[in-house]
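Chemist: Please put together the full structure from these sequences, using the hints given.
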Amino acid sequence: MTQGAVQTPAADAPSATVRSRARMREQWKGYAQKYGALATLAVLFLYNAVETPHFLTKQSLLFILLRQAAPIAIVAIGMAIVIGTAGIDLSVGSVMAIAGQVGATIVLHDHPVVLAMAAALLVSAVCGFFNGTLVARYGVQPIIATLILFIAGRGIAQLITGGELQPLANPAFQWVGLARPGGVPAQVIIALVVAVVAWLVMRLTVFGRHVLAVGGNETASRLAGVPSARVKLYAYIASATLAGLVGLIAVSANSASDANNTGLGMELDAIAAVAVAGTPLTGGRVTVWGAVVGAVMLKLLQNTLIAHGITKEVAQMIEGVVIVAALYLQRHES
Amino acid sequence: MGDRPPLLLSMRGINKQFLGVPALVDASLDVARGEVHALIGQNGAGKSTLIKVLTGVYRRDSGTVELDGAEVEFHSPHAAQLAGVSTIYQEVNLVPFRSVAENVFLNREPKRYGAISWRRMNADAAALLERLDIRVDVTRPLYEYSIATQQMTALARALSTEAKLVIMDEPTSALAEHEVKTLFDVIRRLRSDGISVVFVSHRLDELYAVCDRVTIMRDGHTLEDRPMSAISRYELVSKMLGRELAEELSQRRSAVQTGVEDRVPVLEATDLHRGRALEGVSVAVRSGEIVGLAGLLGSGRSETARAVFGADPLDSGTIKVDSQPVTIKSPRDAVRHKIGFSPEDRKTDGIVPQLSVRENMTLALLPHLRRNGIVDRHRQAEIVDRFIGAIGIKCSSPEQPIRELSGGNQQKVLLARWLCTDPKLLILDEPTRGIDVGAKRDIQVLVRQLADEGLAVLLISSELEEIVANSDRVVTLRDGRAVAELVGDDINEGALMQAMATGAAADTGSPV
Amino acid sequence: MTTATAPPRARRLQVGLLLQRQGALIALVLLVVLGVLRYGDRFATGYNVQSLLADNAKYGLVALGMTFVIMTGGIDLSVGSVVALGGVVAIKVSQHGLVAGLAAGIGVGALVGIVNGWLITRLKLQPFIVTLAMLLAVRGLALNVAHTRAAVASSESNFQKLGDWSAFGLPVAAWAMVLAFVGGAAALHYAPWGRQVLAVGGNVDAARLMGLPVARTTFSVYVLSGALSGCAGVFLGSQNGSVDTAAGQGWELSAIAAVVVGGTLLTGGIGSVLSTLVGVMLLQLIFNLIVFENSKHVLTISSYWESVIRGAFLLVVVLLQVRLIRRRSATGRAA
Chain A
1 MTQGAVQTPA ADAPSATVRS RARMREQWKG YAQKYGALAT LAVLFLYNAV
51 ETPHFLTKQS LLFILLRQAA PIAIVAIGMA IVIGTAGIDL SVGSVMAIAG
101 QVGATIVLHD HPVVLAMAAA LLVSAVCGFF NGTLVARYGV QPIIATLILF
151 IAGRGIAQLI TGGELQPLAN PAFQWVGLAR PGGVPAQVII ALVVAVVAWL
201 VMRLTVFGRH VLAVGGNETA SRLAGVPSAR VKLYAYIASA TLAGLVGLIA
251 VSANSASDAN NTGLGMELDA IAAVAVAGTP LTGGRVTVWG AVVGAVMLKL
301 LQNTLIAHGI TKEVAQMIEG VVIVAALYLQ RHES
Chain B
1 MGDRPPLLLS MRGINKQFLG VPALVDASLD VARGEVHALI GQNGAGKSTL
51 IKVLTGVYRR DSGTVELDGA EVEFHSPHAA QLAGVSTIYQ EVNLVPFRSV
101 AENVFLNREP KRYGAISWRR MNADAAALLE RLDIRVDVTR PLYEYSIATQ
151 QMTALARALS TEAKLVIMDE PTSALAEHEV KTLFDVIRRL RSDGISVVFV
201 SHRLDELYAV CDRVTIMRDG HTLEDRPMSA ISRYELVSKM LGRELAEELS
251 QRRSAVQTGV EDRVPVLEAT DLHRGRALEG VSVAVRSGEI VGLAGLLGSG
301 RSETARAVFG ADPLDSGTIK VDSQPVTIKS PRDAVRHKIG FSPEDRKTDG
351 IVPQLSVREN MTLALLPHLR RNGIVDRHRQ AEIVDRFIGA IGIKCSSPEQ
401 PIRELSGGNQ QKVLLARWLC TDPKLLILDE PTRGIDVGAK RDIQVLVRQL
451 ADEGLAVLLI SSELEEIVAN SDRVVTLRDG RAVAELVGDD INEGALMQAM
501 ATGAAADTGS PV
Chain C
1 MTTATAPPRA RRLQVGLLLQ RQGALIALVL LVVLGVLRYG DRFATGYNVQ
51 SLLADNAKYG LVALGMTFVI MTGGIDLSVG SVVALGGVVA IKVSQHGLVA
101 GLAAGIGVGA LVGIVNGWLI TRLKLQPFIV TLAMLLAVRG LALNVAHTRA
151 AVASSESNFQ KLGDWSAFGL PVAAWAMVLA FVGGAAALHY APWGRQVLAV
201 GGNVDAARLM GLPVARTTFS VYVLSGALSG CAGVFLGSQN GSVDTAAGQG
251 WELSAIAAVV VGGTLLTGGI GSVLSTLVGV MLLQLIFNLI VFENSKHVLT
301 ISSYWESVIR GAFLLVVVLL QVRLIRRRSA TGRAA
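Chains as they are written, first to last, in the working numbering: chain A, 1 to 334; chain B, 1 to 512; chain C, 1 to 335.
Keep in mind that the hints are not guaranteed to be accurate.
Straight-line C-alpha distance at most 20 Å; calculated SDA-like pairs for lysine to any residue [claimed, not checked]: (1) C:124 to A:328; (2) A:312 to C:145; (3) B:338 to A:222.
Keep in mind that the hints were calculated from the coordinates and are not lab data.
Modeler: Structure (C-alpha cells):
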C-alpha cells in the first residue's frame, strides 16, 4: 500500500513475503480494531431487520434502541475524551445523580428552568474540576481520583433531598427527556448534537489536538509547549458536564429525580462502549463516533439477545466477553 | 603484561544483530580475576549490548562466553547472578519501598522453620554492608537513603550472591564527590578480595583513578584492550571517537559570517548549576551563529539544553534572552521566548507516535493556528506542505502516522515543528543520531542555511566531525563545567579532544 | 557517607509516614472513644461489637484479597460480582451439605480469579478492564444461576447456621475474618510469597531481574482475591439466608477505598494487611455511629453522610500518599 518511500533503509532481514504477510495481518487487525464495533453493529442490525418483527419501524428504532442508547452515548463521548488523555472517569454516575438532583430541586422550588439546568451543569463542571485538579495538579491516579467522587458524589446527591424521590411534572424542564420534536426523542437529538460538537472539537480545535498529544506522549507534548495539566483538567470537566447533562435527561425521562438510582453503573456502560469501539485505554486516540457506535452496539446486542429469550443475565455475560475480546484485539498496539 | 592474573571472563567473537542491523561485530571482552576493567565507548558503540549479552538479557547470535574457563550461556539476568555475574545499574534496580535488608535478600530470605527470619536477615544485611564500610539502619525503606547508599545496597546484594564479577553501569553519574570516593574504596576492596569489576563510565578521571585495564568499543567493534597505564587520555578519547590525529582533519567551512561577533546574543546562559550534572556552565549564542556544545557523555551537554529550555529545574544561574533576564520554568516559557528544542531521544521525548506528520509538525505552533478557537486547517495544511517540500520529508501524505517514518524523516518533522514557530533560538540535541547519511546531510545543510538567515543555533553532538564541520563557535563541557571555547578556525578535532580529555584547549583554552 | 543516619528530610517524612500508615488507626481509635463517650454502654455492648464484626467480616475478606492485588500494583473490580456468585452457588450446593456449599462458594470464586489471573498474566491485558469485564460477566452468571431471583437457602439445610454459630462469643464469620487476616499478615511478613507480592508492586523490573516469579505471583493474588470474595459471598448468604440480585454491588469500590484508607499504596509496593482491617472497620464504624447518633434523637444525621465521609477520608489519604510518592521520586531522581 503506502510503502516505498517510507521504509527505513536499514532492515532487510525478514524476507519481503514474510513482511508483507505480517503487514497484512497488522492491517486486518487495524481494521478489526477500527471497524469491529461498527461491523458487529451492522451484522446485528441486518439480522434483526430480517428476523425481528417490527424491528425496522420508527417505534422500535427510535424509541427503543436509540432512546436507550443516547444517554450512554453522551457519557461515553466524555469518557472517550478522558480516556484519550490516558485517564478514566469513574464518577460519571454519581455526577449524573448530583446534576439530576440539583436541577430537579431548583425547578421544584419554582425557579426558572434555565436556571435549574445551568446550575446543574455548573455543579457538574465543578465536579469535573475537582477530578481534574486531583489528576492534573496532584498527580493522583485517575482511577482513585475519580473513585472519591464516585463514592462521595452519590451521598451528596442523596443529601440534597434526603434521598427522597422527587416527582417531576414540568414539561419545560423535562423537554430533554420527554419531548419529541419532529417525532424524534429529544435525547436522541441531544446525543447527536453532542456527538457532532465533540467530533468537531476533537477534530478542529487546539484542545482536541492537545488531548491526543498528551495521551499519546505526555513528555514529548510538554517539551513541545503543550499545557498538559490544563488539557487534562478540561477533559475531566467536559466528561463531568456531559454526565450532568445526561443526569438531567435521566430524571426528566423518569419524571422523578431519584438520587439512589440515577446513573447507577453508568461508568461501566460508558467505559465498555468506549472499549468495544477499539479506543485504546492507554490514551492517544479519541473516536467520538466509535463511542456512539459502541453504545448503540452494546444496547442492540443486549436487546437482540433478550428478544431471543436469552436472559438479561446471559446477555451481560456476553457483554463481558465482548469487552475482553475488544481488549485482546488492541493488545499489541503502542 | 606478563603478570596478568588468569582470566575470569572471556567473551570472544560476539555478534549480535537487531532486525538485521549489527549491534556487535566480533566483539570481545576479557576480564582477569581481581581486575577492575573499564569498558568505554560512545553511545551506540555496543557497550550495553555487550553487557546485556553477558548478563542474559539478550541472546548472542554467535560467539563464545567463558566464565572461569567453562563456556556459559545465561538465559536471564537471574541465571547470570546465580553463576556469579551481578550488575549494578545506573538507575538503581531495587525496590524503593522495601527495607535495605529486604532488598539485599529478596528471593533468598534466610528462613527459620520455613518462615522468614527477620532477625537473621537484618543482621546479615548489616554485616554485608559493613564489609563495604556502610553503616545504616537496614530496617528503613531504601528510598530514604541517598543514591550512593542504594547502590551500595545493590552491591551488597551482589556480594551476598557470591558474585565473582560485578558490572557497574555508570555507577557514579548520580553520586556526589565524596560518595564517588567511597565507591572507589569499595571497588578497591573488591579487587583485593579477588572479585572482578567491569566499570562503565564516561568520566575519564574516574577511569584512571580506579581501573586497571580498558576495553574501547566503537560501532559494535572492540578496538583496544590495554592496561590503563599504557594509554593516554588523548589517545583514549581519539580511539573512542574514532578520529586519529594523523587522519586528515575534516574540512570546515571557514566562511564565518562577518559581523556575527558584534551582534547581541539571543541567548546568554551564565553559570548554570543543577546538582552534579551542571556545575557552572555558561554559553551564549548570537543570531546567525551555530554554537556547538561538545563534551563526552555525561559532561552536561543535554543537561544544559534541557535546563535552558525549562525541561529541568535549575539550582542557580541566569538566563538572558535578547539581553533581558528571563525566568524559564517550563518548556512553555521557553516557547514563549521563541526557543525551540529538539530533544536527544526522538522516541520518548520527541514524537507522538500515533499522530500524523501534520499533527506532530504543528504541535508547538497549534496555539498560533487558532482562529476563533478553531485550528485553521487551511493554513495548517499550507505550512505543513511547505515544510514537507522545503525540508524534503519523505512521507506518503501529511496524514501518515509519524511512527511509520524513518528516523531521519521523523527528525525532519521535529525540526519543522520548531521552524514553523519562527524561533529565534533552536537547540538541537543530537539532531542526526541514528539517521541515514542522506538525511543527515540534508539536516546539516538546512541548519546552516537557517543560521545564515539569522537563526541562532545551539548544536549538541557526540560526533566531533559534526561539531567541527558545522559550528562557528564551540563550547566544550567537561564534568558539568564549561572548560574551553574555540572560535572559527581554531575549531578542530584535536583541540576539542584535548579539551574534553584534560579540560584545557590546546591553544585558547580559557573558559567562557 | 559511613554511618549514614537517615537524613533530616526523612524525619519530617516520618511524621507524614506515621500519619499515612497509622492515620486510619488513629481515626478508628478516636471514633471508638467518641462512640463510648457519647453513646456509653449501648455502644460498647457485646451485641454491637458482635454485629459490627459479623457485618464487617464479609467486607473484610473482600478487602483482604483486594489488598494483595493492589500491593502488586493491580486492581480487581470483579469482587462484588464474585461475592454474589459465591453466595448463590453456595446456597445451591448447600443442599448437599454445608461443607460442600462452603467449598463450592470459595471454589467458584477462585475459578473467577484464575480466569482474571490468566487474562492478566498470560494475555497481558490490563487488570482494570479485564476485571471490569468480569464484573459484568460474573454478575450475569450469578443472576443466571439464581434465575434472576434472590437465591434462598432451604430451611432444612444447616447452611444458615453458619451465619448463626458463634464460638467464644464471636460469630463464625468474624473468626474467619480474624483467621484470614492473621494468616494474610503472616504470609505477607514471613513467607517469601509476601515479599514477592510487595517487590512486584514496588518495582516489577527489579523483581524480574532478581529472578522473582513475577507472573506466578501476580496470578496468585487474583486467585486469592477471587477465593476470598467467594468466601465472603458464602457468609453473606448464610447470614441473610438468601442472596439477592444486587448482592455485592459496589463492593469492589468500597474495598478499594478501605484498602487505600488503610494506607496501602495504590501504585503497589507498600501496604499492610492489618491496616486494611483498620480501614474496613473505620469505614463501617462511621455508619454504626450515625445509627447511634440518630437513635439519640438529638442530632439527626442522614445516613447519606456516610458515603460523603468515606469519600472525604479517601481524599485525605490519597493526598497524603501523593506527598509520599513525590518525596520518593524526588529522592530517587535527585541530582
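Chemist: Hint by hint, say whether it matches the structure.
Modeler: Hint check results:
no.: 1; hint: C:124 to A:328; result: holds, 9 Å
no.: 2; hint: A:312 to C:145; result: holds, 12 Å
no.: 3; hint: B:338 to A:222; result: holds, 15 Å
Hint compliance for this structure: every hint is met.
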